[in-house]
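A.B. asks: Sequence:
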Amino acid sequence: MDTDERRLTTKEAAAAAGMTPGGWRSMVSRGSGPLPDGRYDERTPWWYESTVQRFKASRRSRGRPRKAE
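Here the sequence shown stands for residues 1440 to 1508, where the numbers follow the working numbering.
These are calculated hints, taken from the structure and not from any lab test.
Heads up, the beta-carbon is just placed ideally off N, CA and C, and yes, glycines get one too.
There may be inaccurate statements among the hints.
[To be verified] Simulated restraints on C-beta separations:
1. Arg-1469 <-> Lys-1506: 27 to 37 Å
2. Gln-1492 <-> Ser-1465: 12 to 22 Å
3. Gly-1462 <-> Glu-1488: 13 to 23 Å
4. Arg-1445 <-> Ala-1507: 38 to 48 Å
5. Thr-1483 <-> Lys-1506: 43 to 53 Å
6. Ser-1468 <-> Arg-1501: 36 to 46 Å
7. Asp-1480 <-> Glu-1508: 51 to 61 Å
8. Glu-1444 <-> Asp-1480: 12 to 22 Å
9. Ala-1507 <-> Glu-1481: 43 to 53 Å
10. Arg-1498 <-> Lys-1450: 15 to 25 Å
11. Glu-1508 <-> Leu-1474: 39 to 49 Å
12. Arg-1503 <-> Tyr-1479: 14 to 24 Å
13. Arg-1445 <-> Ser-1471: 32 to 42 Å
Let's have the full structure, built from the sequences with the hints guiding it.
C.D. replies: Dropping the structure here:
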C-alpha cells in the first residue's frame, strides 16, 4: 500500500461505501466487511481509501436483477 494514501475513519469509510456508519460497523464486525488496515488507537480503526473502493466494487447491488429485454 502507498503510505501517502488517505486513511478513512469509520464515518468516512461508510460514506465512501454508500452506507451508514452503523451498517459499516455491523458488516465489519460480522466479517462481511473489510478488516481495518490499521488503528489510530485501541478503539479507532481506519481503512485505506483503496480498501473501501475494492469492497464497494465487490458488493452485489441491492434488489432484484433486471430482466433481459
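A.B. asks: None of the hints should be skipped; say for each whether it holds.
C.D. replies: These are the hints, each one checked on the structure:
Between Arg-1469 and Lys-1506, the C-beta spacing of about 32 Å keeps the proposed range 27 to 37 Å intact. In this structure the hint that Gln-1492 and Ser-1465 lie 12 to 22 Å apart at CB holds, the actual value being about 20 Å. Distance hint for Gly-1462 and Glu-1488: a CB-CB separation of about 18 Å, consistent with the stated range 13 to 23 Å. Between Arg-1445 and Ala-1507 the CB atoms are about 39 Å apart, so this pair conforms to the stated range of 38 to 48 Å.
Between Thr-1483 and Lys-1506 the C-beta distance comes to about 45 Å, which sits within the given range of 43 to 53 Å. One distance hint, 36 to 46 Å for the beta-carbon pair Ser-1468 and Arg-1501, is violated here, with the actual separation near 20 Å. Taking the beta carbon of each, Asp-1480 and Glu-1508 are about 53 Å apart, inside 51 to 61 Å as hinted. The hinted window of 12 to 22 Å between Glu-1444 and Asp-1480 holds, with their beta carbons roughly 20 Å apart.
Distance hint check for Ala-1507 and Glu-1481: the Cβ-Cβ separation is about 51 Å, which falls inside the suggested range of 43 to 53 Å. About 19 Å separates the C-beta atoms of Arg-1498 and Lys-1450, a value consistent with the hinted range of 15 to 25 Å. At about 41 Å, the CB distance of Glu-1508 to Leu-1474 agrees with the hint of 39 to 49 Å. For Arg-1503 paired with Tyr-1479, a C-beta distance near 40 Å fails the hint of 14 to 24 Å.
Evaluation of the 32 to 42 Å hint for Arg-1445 and Ser-1471 yields a failure: the beta carbon distance comes to about 23 Å.
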